[in-house]
Amino acid sequence: MSVINFKKANCRNCYKCIRYCPVKAIKVNNEQAEIVDYMCIACGRCLNVCPQNAKTVRSDIETVKMFLNKGEKVIFTVAPSYPALVGYENSFKFINALKMLGPDLILETSIGAKLITKEYEKYYNDLSYDNLITTSCPSVNYLVEKYYPELINCLVPVVSPMIAIGRTIKKIYGDKTKVVFIGPCLAKKVEMNDFSCENAIDAVLTFEEINDWLKEEEIDVESLDDYRDFNDVDIPFELYPIEGKTIDCMDVDLNIRNVVSVSSIDEIRGLLNDIKSGVLHGYWIEANTCNGSCINGPAFGKINKSIVKRREEVLNYSKLKSQYHAKNTLNIDSIPDLTRKFINLSDKWKVPSEDDIKNILSRIGKFTKDDELNCGACGYDTCREKAIAVYNGMAEPYMCMPYMRGRAETLSNIIIGSTPNAIIAINNKYEIQDMNRAFEKMFLVNSAMLKNEDLSLIIDISDFKDVIENKKNIYNKKVSFKNYGIVAIESIYYLEEYKIAIGIFTDITKIEKQKDALSKVKKENYELAQQVIDRQMKVAQEIASLLGETTAETKVILTRMKDMLLNQGDNE
1 MSVINFKKAN CRNCYKCIRY CPVKAIKVNN EQAEIVDYMC IACGRCLNVC
51 PQNAKTVRSD IETVKMFLNK GEKVIFTVAP SYPALVGYEN SFKFINALKM
101 LGPDLILETS IGAKLITKEY EKYYNDLSYD NLITTSCPSV NYLVEKYYPE
151 LINCLVPVVS PMIAIGRTIK KIYGDKTKVV FIGPCLAKKV EMNDFSCENA
201 IDAVLTFEEI NDWLKEEEID VESLDDYRDF NDVDIPFELY PIEGKTIDCM
251 DVDLNIRNVV SVSSIDEIRG LLNDIKSGVL HGYWIEANTC NGSCINGPAF
301 GKINKSIVKR REEVLNYSKL KSQYHAKNTL NIDSIPDLTR KFINLSDKWK
351 VPSEDDIKNI LSRIGKFTKD DELNCGACGY DTCREKAIAV YNGMAEPYMC
401 MPYMRGRAET LSNIIIGSTP NAIIAINNKY EIQDMNRAFE KMFLVNSAML
451 KNEDLSLIID ISDFKDVIEN KKNIYNKKVS FKNYGIVAIE SIYYLEEYKI
501 AIGIFTDITK IEKQKDALSK VKKENYELAQ QVIDRQMKVA QEIASLLGET
551 TAETKVILTR MKDMLLNQGD NE
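Everything in the sequence shown is counted per our numbering, starting at 1 for the first residue and increasing by one.
For the record, the hints were derived by calculation from the structure and aren't laboratory data. Backbone N, C-alpha and C fix where the C-beta goes; we use that ideal spot for every residue, glycine too. Some hints here could point you the wrong way.
[What the hints assert, rightly or not] Each pair of labels, with its calculated beta carbon distance range:
id, residue 1, residue 2, range
1, 65, 253, 45 to 51 Å
2, 10, 153, 39 to 45 Å
3, 495, 13, 22 to 28 Å
4, 225, 199, 33 to 39 Å
[Unchecked claim] DSS-like mimics (lysine-lysine), calculated; alpha carbons at most 27 Å apart, straight line:
id, residue 1, residue 2
5, 70, 215
6, 55, 8
7, 55, 7
8, 482, 523
9, 176, 65
10, 27, 7
11, 482, 451
Using the sequences and the accompanying hints, generate a full structural model.
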């Protein structure tokens, strides 16, 4: 698995990692940033600048816990930059805290620095070598192996202090001893597996990981006893993590070579380019990719200290320790082999033709030199450099911010321009900033003539005033613009960040007219129905009246007939 990479869920395509990567070893695939191992120099810049904290670093904590739980002999070796982490006054406590994690022994990696310094002196004094570059920083080594392979012969063929002490411990305590390096460097996690450094180190823990482990075990460094106990401390060599201190540890004649110290990738590349071009000779170059050297490594975690303050902490701790006599824990009868090899790890990109570059650029709307803005937002310095990355599968065409912004704005303008809803934007002074065609058509105005004019020239601004002053939006309010014969649904939103109010009007005049017409028809039908009912009632009443009169007359006649018939019967 890769030592460092990015969490897929967290990547937001800001391309900041690409902008800060000195060798552009980051590939964007399906809008996800990925570190390309064969190109990476493990400097850690990309992880520290990621605003989404999307980094993922291979952790060896569980591996170390397994060593301890199995009863293996475990020795911690701590980079001498740890006072920069905890402060010199807590440095003794920090070592005591590490002891509580269970190792059999804790040694400072400055012992390894002392061993390789003797080797450095040999090469420094050998003037058959023209320019020489120190090799304590694995990130520098990878930079040369991958991007300046023709300068591999300038790398001093000596291991780093970490590998030196690892080999020494294995030689004294046996190959089965588990050596755990603790420090501020991510590149050490890669270096431990280098073909010429294998088996010296069994696990690498960063200061950030150690802090997490101590918190997990509920070990509070500051609350521990200030027990002062040292193993094999040689004062000058524990200053190795400070820029320029390597040469101070060497017993050499400074007049036979030009000695320089560089601690930034840009400066290192400048020197390497000068060596390539043949303008530098006789140089001894102490090189580190981290600004300020190892006291500013990428894996310190979040500590609010400047490089100057970190340097002061290491120097003060060194002065404090000089008052004590170190125990000679390592009996080094014979120094282990401290040499190593460096190899060509370069992988050249395919070079596209001019037509290929033009074709890639044309896909993102860049047809002329003037279209190539070279803004660097995509992470590459120039548009052509990005096009070459696309050709090599390292980038995607649409990583171009100006193009995507222009495309988004064009699409937005198309949508706003095509919508039948009238839209207007005004500032908090009620001055017209913009309007779409639908607004112009609805209110019979021209946007060009009304730019920065007061909205009250067109419509009543009372609703806009209420929204802007009270910061309370209006949603779906029915309003009437009698001067224009318009009825609309009005929504007004205030954008505090931009001090802009957006009004959206949906014309419902036709619908309202249809409603009025329907209402009129209903009213007419109602009145007609009422008339019919009234007439029917009148007819019914008239019929009833007639029936009543007829019934009365019939009763009278029938009664008379009955009486006549009765009278006739009596006479007979």
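Going through the hints against the structure:
{"no.": "1", "hint": "65 - 253: 45 to 51 Å", "in the structure": "holds, 49 Å"}
{"no.": "2", "hint": "10 - 153: 39 to 45 Å", "in the structure": "holds, 42 Å"}
{"no.": "3", "hint": "495 - 13: 22 to 28 Å", "in the structure": "holds, 25 Å"}
{"no.": "4", "hint": "225 - 199: 33 to 39 Å", "in the structure": "holds, 36 Å"}
{"no.": "5", "hint": "70 - 215", "in the structure": "holds, 23 Å"}
{"no.": "6", "hint": "55 - 8", "in the structure": "holds, 9 Å"}
{"no.": "7", "hint": "55 - 7", "in the structure": "holds, 6 Å"}
{"no.": "8", "hint": "482 - 523", "in the structure": "holds, 24 Å"}
{"no.": "9", "hint": "176 - 65", "in the structure": "holds, 16 Å"}
{"no.": "10", "hint": "27 - 7", "in the structure": "holds, 14 Å"}
{"no.": "11", "hint": "482 - 451", "in the structure": "holds, 24 Å"}
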